[in-house]
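Trainee: Turn these sequences into a full structure, and let the hints steer you where they fit.
Residue numbers (my numbering): 1 to 386.
Simulated from the structure, these hints should not be mistaken for lab results. Just so you know, not all the hints are guaranteed correct.
Said to hold, decoys possible - Pairwise CB distance ranges, derived in the manner of DEER restraints:
no.	residue 1	residue 2	range
1	307	284	27 to 37 Å
2	104	286	30 to 40 Å
3	349	9	57 to 67 Å
4	1	104	12 to 22 Å
5	328	127	49 to 59 Å
6	123	307	52 to 62 Å
7	346	105	48 to 58 Å
Glycine residues also receive a C-beta, built at the ideal position from the N, C-alpha and C atoms.
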Amino acid sequence: MTVALYTEVEGPPGAPWLVLLNSLGTSTRMWDAPAGPLAEQFRVVRVDARGHGRSPASPDGTTLTVADLGTDLLAALDRLGVDRAHVAGVSLGGMTAMWLAAHHPDRVARLALVCSSVQPGNPQTWRERAATVRAKGMTAVADTVVDRWLTAELIGRAPQAREELRAQLVSTDPESYAQCCEALQSLDLTADLARIAAPTLVIAGRQDQALPPAHSERIAAGLADARLQTLSPAAHIAPVEQAGAVTALLRGHFGGGATLGAGFATRRAVLGEAHVDRSLAATTALTAPFQEFLTRYAWGDVWSRPGLSRRDRSITTLAALVTLGAEHEIGIHVRAAVRNGLTPAEIGEVLLHTALYAGLPRANRAFAIAQETLAPETLALDKPPE
Numbered sequence: 001m002t003v004a005l006y007t008e009v010e011g012p013p014g015a016p017w018l019v020l021l022n023s024l025g026t027s028t029r030m031w032d033a034p035a036g037p038l039a040e041q042f043r044v045v046r047v048d049a050r051g052h053g054r055s056p057a058s059p060d061g062t063t064l065t066v067a068d069l070g071t072d073l074l075a076a077l078d079r080l081g082v083d084r085a086h087v088a089g090v091s092l093g094g095m096t097a098m099w100l101a102a103h104h105p106d107r108v109a110r111l112a113l114v115c116s117s118v119q120p121g122n123p124q125t126w127r128e129r130a131a132t133v134r135a136k137g138m139t140a141v142a143d144t145v146v147d148r149w150l151t152a153e154l155i156g157r158a159p160q161a162r163e164e165l166r167a168q169l170v171s172t173d174p175e176s177y178a179q180c181c182e183a184l185q186s187l188d189l190t191a192d193l194a195r196i197a198a199p200t201l202v203i204a205g206r207q208d209q210a211l212p213p214a215h216s217e218r219i220a221a222g223l224a225d226a227r228l229q230t231l232s233p234a235a236h237i238a239p240v241e242q243a244g245a246v247t248a249l250l251r252g253h254f255g256g257g258a259t260l261g262a263g264f265a266t267r268r269a270v271l272g273e274a275h276v277d278r279s280l281a282a283t284t285a286l287t288a289p290f291q292e293f294l295t296r297y298a299w300g301d302v303w304s305r306p307g308l309s310r311r312d313r314s315i316t317t318l319a320a321l322v323t324l325g326a327e328h329e330i331g332i333h334v335r336a337a338v339r340n341g342l343t344p345a346e347i348g349e350v351l352l353h354t355a356l357y358a359g360l361p362r363a364n365r366a367f368a369i370a371q372e373t374l375a376p377e378t379l380a381l382d383k384p385p386e
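Mentor: Put into structure tokens, the structure is as follows:
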């Protein structure tokens, strides 16, 4: 028996459909920060699972499965006249999205799975949680669960984010929540991965305690066409903790993922994992479109062209940056030049040659930046965390 799910739609009519699915114990509100920017480009549909947010509760005595949740979603899309859509889901929402993509591939154009899993943990843990909420209500598990959803850093800096998620959790219907827990205790979507043809973005939170990154790595390894992106700092509800980065990743993946995917690969190879991770972590709703533009066109298009080697592009870039006096970029691209095969002596020759045309003062400053950047203790800062 399907449940008529609550949906809300925003974005320009005629734009590609994008369906956003929430995690266990949350509502459509968890997508508040990304939804606005996404709705500039897509016709966004946010959906509450049964018993969550404003959707009706699941009937008592139901033996619920993820297939049932997927069937609910199909019925909701049919009511809206959505024949085919991009789908992004967090945790349980991602599991529902995987089921949909595997069993109704004609309905899913591209897929994004955020902090999700094909086999989400210890069956005993899910049985015990279901029993607890049936006996004592949602408040009995609220604090323990929510504190695993966000990093301690974010909770300390923005306690209102924790309180908003806690409010969503305690307002969830206990019986529906318990049924979802029971659906998860025996869930194994491993066999479904081979059936998913949709290009898929897999996003993990490095600090996710609920579903650690190994779960996302397993998903990406089992899919025919997948790209894995790990965000840090980010725990389980990445669209709240890393709203800007998630928005940029989703816009790129659903709006033309091939060029953006190549851009991220080239950007990481040239600038280093640590630098790109810091840039993504600092992304906000304001800067997300620029990050997408930068990655797609600078790194996915120009830097990825075959006409020049990366070594040659580093030489050209350093010369241009010195000429422009772009001091904040010179150190970054000195590191990149080393990564692309230039020796410190060759970097010195590039700067010396540039001095002839850019002027001595700018070249002098560039030499100082290069000297500092090439110091062993400075280069060590560019290494990713263990």
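Trainee: Give a verdict on every hint.
Mentor: For each hint, the structure was consulted:
1. A hinted range of 27 to 37 Å for the beta carbons of residue 307 and residue 284 is consistent with their spacing of about 34 Å.
2. Separation of residue 104 from residue 286 is about 37 Å and conforms to the stated range, judged on CB atoms against 30 to 40 Å.
3. For residue 349 paired with residue 9, a C-beta distance near 59 Å keeps the hint of 57 to 67 Å intact.
4. Separated by about 19 Å at the C-beta atoms, residue 1 and residue 104 satisfy the suggested range of 12 to 22 Å.
5. A C-beta distance of roughly 54 Å is found between residue 328 and residue 127, which places it inside the suggested range of 49 to 59 Å.
6. Taking the beta carbon of each, residue 123 and residue 307 are about 56 Å apart, inside 52 to 62 Å as hinted.
7. For residue 346 and residue 105, the hinted distance range of 48 to 58 Å is satisfied, since their beta carbons lie about 51 Å from each other.
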